[in-house]
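As you go down the protein sequences, you meet chains Y and X in turn.
Each residue of the first sequence is one higher than the one before, starting from 1 at the first, in my numbering.
Each residue of the second sequence is one higher than the one before, starting from 237 at the first, in my numbering.
You may find that some hints are simply not true.
[Claimed, not checked] Partial chain X-side listing against chain Y, Cβ under 10 Å, derived:
no.	residue
1	GLY378
2	THR406
3	GLU419
No wet-lab data here; the hints were simulated from the structure.
None of the values given here were measured: they were computed from a predicted structure.
Backbone N, C-alpha and C define an ideal beta-carbon position, used for all residues, glycine too.
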Amino acid sequence: MLLSIKNVTTGYEKAQVLKDITLDVEAKEIVALVGANGAGKTTTLQCISGVIKPWVGSVSLGERDLAPFAPYQIVAMGISYCPEGRDVFANLSVYENLRIGAYLIRDAKEFRDRLDRVYSLFPRLQQRLNQLSGSLSGGEQQMLAIARALMTNPDLLLLDEPSLGLAPILVESIYNTIQEINAAGKAILLVEQNVGLALEVSSRGYVLEKGEIRLSGPSPELQDSDYVKASYLGIA
Amino acid sequence: MGLYLVQQLINAFSYGSILGLLAVGYTMIYGILGLINFAHGEIFMIGAFVCYFLVTLYHVPWVIAALAAVAASTVSGLLLEKIVYRPCVKRKAPVLTVFIASFGVSLLLRFLFMMFFTDRRRAFPIPELFEKMYFVGEIAIGLRDIIIFVSTIIIMALVAVFIKYTKVGTAMRGVAYDAKTAELMGINSIKVIVVAFAVGSALAGVSAIEYGLTFGILNPAMGFIPGLEGFIAAVLGGIGNVPGAMIGGFLIGGGEILFVALLPPSLSPLRPLFVWALLFVILFVKPTGLFRPNVKFEGLWGE
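Construct the entire structure; sequences and hints are all you get.
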């Protein structure tokens, strides 16, 4: 088990968002976490990455409980979070964003290798290295956000709504890349409002509703489930 | 007239340097923390006093005293960060609270020094060597002017390279823009804040030495006006933008000297008018300052 969330209840300040959720991700698999807006998907990812802490329950990476660690330490352990809404450093160039993403890398060769890997996944970024990332298109920013998250060579990549606000053809391209990333050996916890898409690429899924796990199972089963079909896939 | 102007240009550069160095400190700290460090002027003042006491009381060689002064300013800034501002950050204090704390520390330091050392103006130690004058035609250039000129250029170039090309400098710009996301890259934003305070305070120390060399005096309240003008220069340059702050410093400081130089002597009390008028005009025309600011939100705890 790579990532294990056990009976976690948590929220922000005094507002509870997640209630008793249990979720896990094995190495090298793609797991989908789907649900409507406001269900608590981003909260889950923030809890994993250490931005918020569980009130009850635990989040563990392998054997290690993540509770005592700050976000910058959790990154060093191999979890990389690509936030919702891209969140690139708009005041910095594409290259500088990648450089910051690689902040923890001390070895120059390793940095170059990572860069090359990222360029091969996202050739568009290599063409726009010195461009201010604030001036990139939505699709390019999404690519940059994912590329930046990959610079630390994580074992687990948390992707928060990568398809949000992107044109279908770009979404397709990004999802192909997501599968390439997974093929290279990275586990991915994929958070999406676009349930159909998420279940297509993932091997397992969890359906989150109002902070609770409503359903879980292998993705093909979820895709076939009447409940999911009716509530999320628009198939009566 | 031409000769007078050239002399004033030299003074303008000196005062511009002083303000530019202070402005960089303000802008770095504001960029990362959303905090106007009112005590920055006192960190400046502490540097000047350390140099003064080391030379006059302990007869330390001037260069060593000057370096110690810069170190003292740096240490003061770091202590300030650790004791006053970091608890505010850790407890997610509202911006107004930090504002008041900053103002309070400024007053505290200023009046502590007044209490111990009285408010009287003292003569800043200037080595005799520095009094040497060189003549280019009819223009008199003091050695101290040259020292200020050369050291400012070098220091500002180093800071610009640091902020633009080093990993830590880039991390600082990232944290200034979006601290939460920067943390997700593995950047410990507290460490970055410490670096910002260290660099900014060291520059304030250098600025204090330059001020002492230029004006020859020091007193506990000396940080108030340069601090204020330095802050205005930082705003003028686009808050959070380090090269912008340097340029802002020269515009305000240099402009002020030239303004007074060009005015008839009877109008010279109007001197402060320049700074405020310039600020008003520029903010009217371009509210974010001359250059691109480097902040996204108003502070580390994002609003």
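Going down the list of hints, with the structure as the test:
no. : hint   : in the structure
1   : GLY378 : violated, 40 Å
2   : THR406 : holds, 5 Å
3   : GLU419 : holds, 4 Å
When held up to the earlier numbered hints, the structure conflicts with hint 1 and nothing else.
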